[in-house]
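Engineer: These are the residues of each chain, in order.
Protein chains: 2
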Amino acid sequence: MRPVSIIGIGSTPFSKLEGKGPVDLAVEASIQALGDAEIHPKKIEALYLGNFTSGILTGQEILGPLVANRLGMRAIPSIKAEGACSSATLAFREGVLAVANGVHELVLTVGVEKMTSASTSKVTAALASALDQSKEGSCGLTFPGVFAMMARRHMHEFGTTREQIAMVSIKNRKNGVKNPLAQFRAEVAMEKILGAKPVTEPFVLYDCCPISDGAAAAIICPTEMARKLSTKAISILSCEVSIGNASIDMMSDMVSFPATVEAAKKAFSTAGLSTKDINFVELHDCFTIAEIIDSEDLGFFEKGEGGLALEKGLTQIDGKLPINPSGGLLSKGHPVGATGLGQIYEVCKQLRGEHPNQLDNPKIGLAHNLGGTGAVCAITILSRNF
Amino acid sequence: MRPVSIIGIGSTPFSKLEGKGPVDLAVEASIQALGDAEIHPKKIEALYLGNFTSGILTGQEILGPLVANRLGMRAIPSIKAEGACSSATLAFREGVLAVANGVHELVLTVGVEKMTSASTSKVTAALASALDQSKEGSCGLTFPGVFAMMARRHMHEFGTTREQIAMVSIKNRKNGVKNPLAQFRAEVAMEKILGAKPVTEPFVLYDCCPISDGAAAAIICPTEMARKLSTKAISILSCEVSIGNASIDMMSDMVSFPATVEAAKKAFSTAGLSTKDINFVELHDCFTIAEIIDSEDLGFFEKGEGGLALEKGLTQIDGKLPINPSGGLLSKGHPVGATGLGQIYEVCKQLRGEHPNQLDNPKIGLAHNLGGTGAVCAITILSRNF
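Going down the list, the protein sequences come from chains W and U. Here the first sequence stands for residues 4 to 389, numbered as in the working numbering. Here the second sequence stands for residues 4 to 389, numbered as in the working numbering.
Honestly, I wouldn't trust all of these hints.
Which copy is meant is left open, so a pair is good if it fits within one copy or across any two.
Within a straight-line C-alpha distance of at most 25 Å, the following computed DSS-like cross-link-like pairs (lysine-lysine) qualify [what the hints assert, rightly or not]: (1) LYS45 x LYS268; (2) LYS19 x LYS279; (3) LYS125 x LYS177; (4) LYS19 x LYS177; (5) LYS269 x LYS323; (6) LYS46 x LYS269; (7) LYS125 x LYS138; (8) LYS279 x LYS45; (9) LYS19 x LYS200; (10) LYS46 x LYS268; (11) LYS235 x LYS181; (12) LYS45 x LYS269; (13) LYS125 x LYS366; (14) LYS23 x LYS138; (15) LYS138 x LYS19; (16) LYS306 x LYS46.
Honestly, the hints are just simulated from the structure, not real lab data.
Please work from the sequences and hints to get the whole structure.
Structural biologist: Below you can see the structure in the form of structure tokens.
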């Protein structure tokens with residue numbers, strides 16, 4: 004396999020974007036990415052699109068051909084990839100493999116989700132299609148319930164405190180303030196979180212990511228070509244996927260996602276790196292506790308010590324390992340099928356030195372994208388190529 | 004890229020399969036394919052699943068991880084591919100590319116759809132998600148309307164007769180009689196078709212494929228490995244995809260699908276073959292007129308002569324180019340996200356000499372799978388490998 008790089012990125016804001024459907028959003032992010040790479044749409048040889056709930060929420064499928072048509076692309080192959088909230092990174096990975104193996108030279112990958120035009124109950128039902136309907140769905144379980152149970156178990160098992168869990172929200176809301184793409188751009192104080200109305204114990208609203216619209220895109224090509232075409236190309240050191248348990252009754256414990264552990268093992272191995280080499284992380288904080296669990300599953304902290312690491316400030320922007328400098332899903336928003344490429348967009352911006360919360364000279368970043376109750380996880384490691 | 008082969012196939016019947024959800028059906032077809040190949044599920048290195056309407060009709064996504072969990076597979080990558088009615092072949096192609104390029108050795112591809120548990124109006128709405136909702140959907144157009152317009156135009160343009168169009172149904176219903184997997188297993192006479200109640204002029208019920216449940220699966224591996232593992236392996240000479248127009252207002256005429264023309268060009272070129280080399284075809288006869296148009300777009304007959312070819316008996320089982328010896332979508336059924344792999348299953352059965360409508364010593368077969376109003380087309384050319 005030959006080395007592959009990202010030569011263009013684009014993203015809509017992640018927010019309630021009225022009057023724009025999934026095709027509009029995907030086209031907007033794609034045009035940005037094509038403009039960033041200075042590549043004409045007719046040069047693109049394949050389109051891999053990630054999306055989760057478009058069929059259920061907007062009644063529109065075949066998004067790939069619709070986007071390609073709108074962009075005036077040629078008669079190229081296109082598929083939509085679905086893997087719940089990791090759909091975008093799954094699409095991205097198929098594109099990476101196609102370029103790495105010489106099937107294509109220039110590929111557009113785009114993730115998109117349009118959620119806010121549907122009622123909250125319809126969105127909740129759509130998201131629940133990532134649970135096992137034959138077991139969890141039929142019990143009325145939803146994702147805030149799943150992650151709240153995991154929070155309770157993490158507190159019980161390791162003494163993680165309610166305050167530590169709340170600190171995820173405080174940190175990510177603070178990071179979101181400067182991010183022009185973020186849905187929430189205001190800080191939140193501990194007292195406000197602890198005094199807020201419960202959603203699913205121990206969670207309040209501030210522990211849960213919002214319902215969002217959005218799209219993000221990346222143009223990929225062989226690294227050799229990238230060096231000629233761009234002065235700001237980003238190398239894809241690895242992009243690996245693993246399934247885990249698609250329902251929580253299959254979890255051996257309630258404090259870890261085996262899909263993350265396995266995908267991380269593969270991603271570090273493919274890249275020839277270890278956790279020590281990673282300068283910062285964008286990870287899947289769909290709920291506050293998820294950031295703590297993910298940071299442990301990825302190997303950055305011992306199991307049970309994620310809350311403490313947070314309390315010590317290690318994951319702040321100025322900490323040893325900044326986590327979610329973009330604001331994460333909690334602050335930036337979570338248009339589910341776009342999120343993975345949104346993370347990759349944020350990592351690229353940091354590595355290019357163009358981020359609103361710019362870190363000091365980062366060289367390698369990691370993006371972690373989780374689907375379902377750990378049904379599938381996709382991890383991407385990126386580095387500067389200039 | 005190294006040569007790739009199919010070493011195991013499986014299929015449920017295509018029919019109304021009560022009490023079985025999409026995961027059950029996909030698992031059933033997969034177990035058959037694994038048994039056919041004598042490969043343990045733990046040996047599988049990736050699972051590519053094709054599905055179109057599961058989110059809308061059953062509220063269940065993340066089908067790949069659910070199927071993999073049920074089969075006891077390892078922590079492998081898995082995605083769902085969607086491209087309307089061509090979803091299964093899109094999933095198959097990603098699997099073929101992964102094996103051809105050495106990413107994986109043994110891959111399971113499975114297509115599945117569960118449609119009959121929903122109301123007909125809900126199914127019609129789900130299928131309409133493969134139309135452009137911003138244009139066609141908002142006018143109330145559905146697929147029987149699209150294809151009926153194409154039939155009218157084909158009749159007007161080339162003098163294709165109502166009787167010729169009906170002959171597609173007569174032939175495919177006759178072929179379905181012996182196929183144990185087919186939903187309809189009774190012949191139908193010309194008078195019955197011509198006297199039946201209209202659906203969308205000029206179509207009656209016999210011009211339209213049914214609503215079906217079903218799943219089909221194939222195990223793929225490098226041809227070198229296939230020769231060691233199997234005495235009945237089938238070579239994948241090519242599997243190519245092209246997008247076309249995702250809405251009918253973009254069609255330059257109403258008698259051809261550019262996606263088919265482009266995908267065929269690529270598929271023949273990759274395989275180093277021409278139409279003369281193909282012994283039989285399974286093609287996407289979602290409506291009677293589709294078979295006529297597809298047979299022309301694929302290059303087997305001049306544009307406008309598909310109806311005449313049929314009348315001459317050229318596409319009968321004992322004709323020069325048998326088309327849909329399985330009974331096709333019209334007789335065998337059309338569980339949309341399973342259909343592409345269902346066609347590949349039928350082609351393999353013919354090439355292995357195991358088909359209920361066995362042709363005389365066929366060596367090369369072609370499967371043609373179309374999504375939307377020609378939004379995307381996937382074509383696979385298979386040959387004997389023994």
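Engineer: A separate judgement is required for each hint: does it hold in the structure or not?
Structural biologist: Hints, verified against the model:
Taking the shortest alpha-carbon separations for LYS45 and LYS268, only the inter-copy value of 19 Å comes in at or below 25 Å, while the best intra-copy value is 38 Å. In this homomeric assembly, LYS19 and LYS279 never come within 25 Å of each other (Cα to Cα): the closest approach is 37 Å inside a single copy and 55 Å across copies. Proximity of LYS125 to LYS177 under the C-alpha cut-off of 25 Å is found in neither arrangement, the shortest distances being 30 Å within a copy and 44 Å between copies. In this assembly of identical chains, the alpha carbons of LYS19 and LYS177 lie at most 25 Å apart only when taken from the same copy (20 Å versus 54 Å across copies).
In this assembly of identical chains, the alpha carbons of LYS269 and LYS323 lie at most 25 Å apart only when taken from the same copy (24 Å versus 52 Å across copies). Only between protomers do LYS46 and LYS269 lie at most 25 Å apart by alpha-carbon distance; the minimum there is 17 Å, versus 32 Å within a single protomer. In the homo-oligomer, the alpha carbons of LYS125 and LYS138 lie at most 25 Å apart both inside one protomer (19 Å) and across protomers (24 Å), since each shortest distance falls under that limit. In the homo-oligomer, the alpha carbons of LYS279 and LYS45 never lie at most 25 Å apart, since the shortest distance is 41 Å inside one protomer and 32 Å across protomers.
Proximity of LYS19 to LYS200 under the C-alpha cut-off of 25 Å is restricted to the intra-copy arrangement: shortest distance 23 Å within a copy versus 47 Å between copies. For the identical chains of this complex, LYS46 and LYS268 are inter-copy neighbours only, at 19 Å across copies versus 35 Å inside a copy, given an alpha-carbon limit of 25 Å. In the homo-oligomer, the alpha carbons of LYS235 and LYS181 lie at most 25 Å apart inside one protomer (23 Å), although the nearest pairing across protomers, at 62 Å, exceeds that limit. For a Cα distance limit of 25 Å, the shortest separation of LYS45 from LYS269 across copies, 18 Å, qualifies, whereas the shortest one inside one copy, 35 Å, does not.
Neither within a single protomer nor between protomers do LYS125 and LYS366 lie at most 25 Å apart by alpha-carbon distance, with minima of 42 Å and 51 Å respectively. For a Cα distance limit of 25 Å, the shortest separation of LYS23 from LYS138 across copies, 15 Å, qualifies, whereas the shortest one inside one copy, 35 Å, does not. Proximity of LYS138 and LYS19 under a CA criterion of 25 Å is satisfied inter-copy only: 23 Å between copies versus 32 Å inside one chain copy. Taking the shortest Cα distances, LYS306 and LYS46 never come within 25 Å of each other, neither inside one copy (47 Å) nor across copies (30 Å).
Hint compliance for this structure: hints 2, 3, 8, 13 and 16 are not met, and every other hint is.
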